[in-house]
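S.K.: Listed here are the chains, written in short residue letters.
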Amino acid sequence: MGRKLLLEHINEPGIQTFDVYRKKGGYASVEKALKTMAPDAVTEEVKKSGLRGRGGAGFPAGMKWSFIDKKSDKPRYLVVNADESEPGTFKDRYLMEKIPHVLIEGMIVASFALGAKTSYIYIRGEYMYIVGILEKAIQEAYAKGFLGKNILGTDYSLDIYVHPGAGAYICGEETALLESLEGKRGNPRLKPPFPAVAGLYASPTVVNNVETIAAVVPVINMGGDEYAKIGIGKSTGTKLISASGHINKPGVYEIELGVPVDEFIYSEEYCGGIWKNRRLKAVVAGGSSVPILPADLILTTAKGEPRLMTYESLADGGFQTGTMLGSGGFIVMDEMTDIVKNLYTFARFYHHESCGQCSPCREGTGWMEKILHRLHHGHGKKEDIDILVDVAKKIEGNTICPLGDAAAWPVASAVRHFRKEFEAAAMAHSHAELVA
Amino acid sequence: MDIKFSSEALATANKLIARYPQGKQKSALIPMLHLAQSEFDGWLSPEVMDYVASLLSIKPIEVYEVATFYSMFNTKPVGKCLIEVCQTSSCWLRGSDEIVDHLKKKWNIEVGETTSDGMFTLKTVECLGSCGTAPMLQCGSDFHENLTVEKVDELIEKLKSKGERSSYLKSLVNS
Ligand SMILES: Cc1cc2nc3c(=O)[nH]c(=O)nc-3n(C[C@H](O)[C@H](O)[C@H](O)COP(=O)(O)O)c2cc1C
Ligand code: SF4
Ligand code: FES
Numbered sequence: 001m002g003r004k005l006l007l008e009h010i011n012e013p014g015i016q017t018f019d020v021y022r023k024k025g026g027y028a029s030v031e032k033a034l035k036t037m038a039p040d041a042v043t044e045e046v047k048k049s050g051l052r053g054r055g056g057a058g059f060p061a062g063m064k065w066s067f068i069d070k071k072s073d074k075p076r077y078l079v080v081n082a083d084e085s086e087p088g089t090f091k092d093r094y095l096m097e098k099i100p101h102v103l104i105e106g107m108i109v110a111s112f113a114l115g116a117k118t119s120y121i122y123i124r125g126e127y128m129y130i131v132g133i134l135e136k137a138i139q140e141a142y143a144k145g146f147l148g149k150n151i152l153g154t155d156y157s158l159d160i161y162v163h164p165g166a167g168a169y170i171c172g173e174e175t176a177l178l179e180s181l182e183g184k185r186g187n188p189r190l191k192p193p194f195p196a197v198a199g200l201y202a203s204p205t206v207v208n209n210v211e212t213i214a215a216v217v218p219v220i221n222m223g224g225d226e227y228a229k230i231g232i233g234k235s236t237g238t239k240l241i242s243a244s245g246h247i248n249k250p251g252v253y254e255i256e257l258g259v260p261v262d263e264f265i266y267s268e269e270y271c272g273g274i275w276k277n278r279r280l281k282a283v284v285a286g287g288s289s290v291p292i293l294p295a296d297l298i299l300t301t302a303k304g305e306p307r308l309m310t311y312e313s314l315a316d317g318g319f320q321t322g323t324m325l326g327s328g329g330f331i332v333m334d335e336m337t338d339i340v341k342n343l344y345t346f347a348r349f350y351h352h353e354s355c356g357q358c359s360p361c362r363e364g365t366g367w368m369e370k371i372l373h374r375l376h377h378g379h380g381k382k383e384d385i386d387i388l389v390d391v392a393k394k395i396e397g398n399t400i401c402p403l404g405d406a407a408a409w410p411v412a413s414a415v416r417h418f419r420k421e422f423e424a425a426a427m428a429h430s431h432a433e434l435v436a
Numbered sequence: 437m438d439i440k441f442s443s444e445a446l447a448t449a450n451k452l453i454a455r456y457p458q459g460k461q462k463s464a465l466i467p468m469l470h471l472a473q474s475e476f477d478g479w480l481s482p483e484v485m486d487y488v489a490s491l492l493s494i495k496p497i498e499v500y501e502v503a504t505f506y507s508m509f510n511t512k513p514v515g516k517c518l519i520e521v522c523q524t525s526s527c528w529l530r531g532s533d534e535i536v537d538h539l540k541k542k543w544n545i546e547v548g549e550t551t552s553d554g555m556f557t558l559k560t561v562e563c564l565g566s567c568g569t570a571p572m573l574q575c576g577s578d579f580h581e582n583l584t585v586e587k588v589d590e591l592i593e594k595l596k597s598k599g600e601r602s603s604y605l606k607s608l609v610n611s
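Protein chains in written order, with this note's numbering: chain A, 1 to 436; chain B, 437 to 611.
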């Protein structure tokens, strides 16, 4: 069994409540940080831990914190990204619902390190029932002296508020999120300036994913060096993986980074193998935005090495033969899966979610959806496949935010690895035409 | 109709505004629109949006542009129960098409339409973070997961009698 740092006590009855959470050692990291450490020392531990952002991009958390503009006389903010809308990803929901205090605890420590006196949780509006759970946890933390004025008798004070979104994937992108938090449409901003300099209300701001902030708790409790011993190389610590699709045991699993993909899919500890005794066809390993890989390439790299659940191993081979750990949204497809239809659902998603600011993304996602709709419904032509790839290429790298890339990568990879299926879909048309 | 929050909702609205720094009350817009939608029949009429603008001392256009951007805000009337079926990959892989087809047939409506008795509106939505318990649908704030056609029928029977809407107020008050 791998070590559990976030979900260790998940099955403890009442762990949602402050009292049970505290009895299980909760809020120790707040005591340690606020009473025995300087803010910069906390950031230093996070740097040492090698903890990387769990929202998708994998940027080192400690380094991000160290960029916060400390010379500015404006207030600083920590904003937690709980927008979780990347298809295939549901780990933040699980964590917030089952063990909300670990997020609150991590937020206190992180805010202390950053010198933030106000912190917001931006949660997707569809998770409205979790808003209630978080509000309750926050109230408990206030009542016990872990939030509000002079926390634990120190001179550090902090307020935390929950802020619901209202249905827009793009608000997971950090600058769109900040726009939305300011009461506007979720249109991403041009960077620079980065949020660390001019974020919420043009003040220095750090945006981190729910899981990243929760992971600060074990980092401070164990110390950065100990945390860094878990995992492999630059993939340190544990990661929550949301497993879905054609597996026997869908769900959220905490893994030590470095578990072989093969073990993750087939062992009883995790996904429990492919359902209905079928064979594996393909996997989208890190949420809808990352390249899809066929069975052989997800299990072993092009060099023939076993593929591991780490940032580096999943990316081995670049976009030709590799993929990305991304958000950890692990979608498994069995041998009966229609890859064209699957890609169509993704294309429809990105078209629906494009904020419309840049024409390559706004128009390109629409074209890709249309072409895939055609192909899927048997009205497509062989030329459509190349047009599809061409549109994807023209979106990539030509937009304000990475949603454009996120829409393009699944297309490019699906055609690269499953071209025959696209051709067969196009043939259905030629065949029908011939018969007519 | 005179558009005005109940006193309970008004008290909540003021608390929401106080969560943001002085002069940044516009930040409360999305939370306020959730509140307004649950107070006024599940949708935002121009009058309701103007009322929210007045509460926040911002221009009505600032409210309209936000209300039309976010998919959870309805700018047209909806049925008592908004049935939102997820259709993205993980749900599709586990049979969401059957769920949508079943409801379309059952009610003889298309996606986006409301049953003639005004009870149910059928909508398809993109991933709701319930992929591990797919297929799923959301009604109000509730997630209904691991669905089968039979389970959907049972659920619809139950909802027929009471209806269910997402309530921000409830989330705040329950805590
Ligand atoms: C289109 C798009 C959607 C995103 N959605 C999310 C999301 O739902 N949750 C999240 O944490 N990060 C999301 N991100 C990444 C954020 O922009 C940001 O990198 C992240 O919140 C930083 O936190 P981390 O460093 O702790 O991962 C998204 C990025 C893009 C481009
Ligand atoms: S890439 Fe797409 S989502 Fe991002 S800013 Fe441009 S139009 Fe909006
Ligand atoms: S794909 Fe349906 S909830 Fe995620």
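Among the hints, a few may not be true.
[To be verified] Keeping only pairs whose Cα atoms sit at most 30 Å apart, straight-line, the calculated DSS-like set for lysine-lysine is:
1) B:LYS540 - B:LYS587
2) A:LYS4 - A:LYS191
3) B:LYS541 - A:LYS341
4) A:LYS191 - B:LYS512
5) B:LYS587 - B:LYS451
6) A:LYS4 - A:LYS229
7) B:LYS541 - B:LYS495
8) B:LYS495 - A:LYS276
9) B:LYS512 - B:LYS596
10) B:LYS540 - A:LYS149
11) B:LYS541 - A:LYS184
12) A:LYS149 - B:LYS462
13) B:LYS587 - A:LYS249
14) A:LYS70 - A:LYS184
15) B:LYS495 - A:LYS74
[Said to hold, decoys possible] Beyond 12 Å from chain B on every Cβ pair, some chain A residues (computed):
16) ALA168
17) ALA243
18) LEU343
19) TRP367
These are computed hints drawn from the structure, not numbers from a lab.
Treat the numbers as computed from the prediction; the structure is a model and nothing was measured.
The C-beta atom is built at its ideal place from N, Cα and C for all residues, glycine as well.
S.K.: All the hints need checking, so say for each whether the structure fits it.
M.R.: Comparing the hints with the structure gives:
no.: 1; hint: B:LYS540 - B:LYS587; result: 16 Å, holds
no.: 2; hint: A:LYS4 - A:LYS191; result: 37 Å, violated
no.: 3; hint: B:LYS541 - A:LYS341; result: 22 Å, holds
no.: 4; hint: A:LYS191 - B:LYS512; result: 36 Å, violated
no.: 5; hint: B:LYS587 - B:LYS451; result: 40 Å, violated
no.: 6; hint: A:LYS4 - A:LYS229; result: 14 Å, holds
no.: 7; hint: B:LYS541 - B:LYS495; result: 44 Å, violated
no.: 8; hint: B:LYS495 - A:LYS276; result: 57 Å, violated
no.: 9; hint: B:LYS512 - B:LYS596; result: 21 Å, holds
no.: 10; hint: B:LYS540 - A:LYS149; result: 55 Å, violated
no.: 11; hint: B:LYS541 - A:LYS184; result: 39 Å, violated
no.: 12; hint: A:LYS149 - B:LYS462; result: 26 Å, holds
no.: 13; hint: B:LYS587 - A:LYS249; result: 20 Å, holds
no.: 14; hint: A:LYS70 - A:LYS184; result: 27 Å, holds
no.: 15; hint: B:LYS495 - A:LYS74; result: 27 Å, holds
no.: 16; hint: ALA168; result: 5 Å, violated
no.: 17; hint: ALA243; result: 7 Å, violated
no.: 18; hint: LEU343; result: 9 Å, violated
no.: 19; hint: TRP367; result: 19 Å, holds
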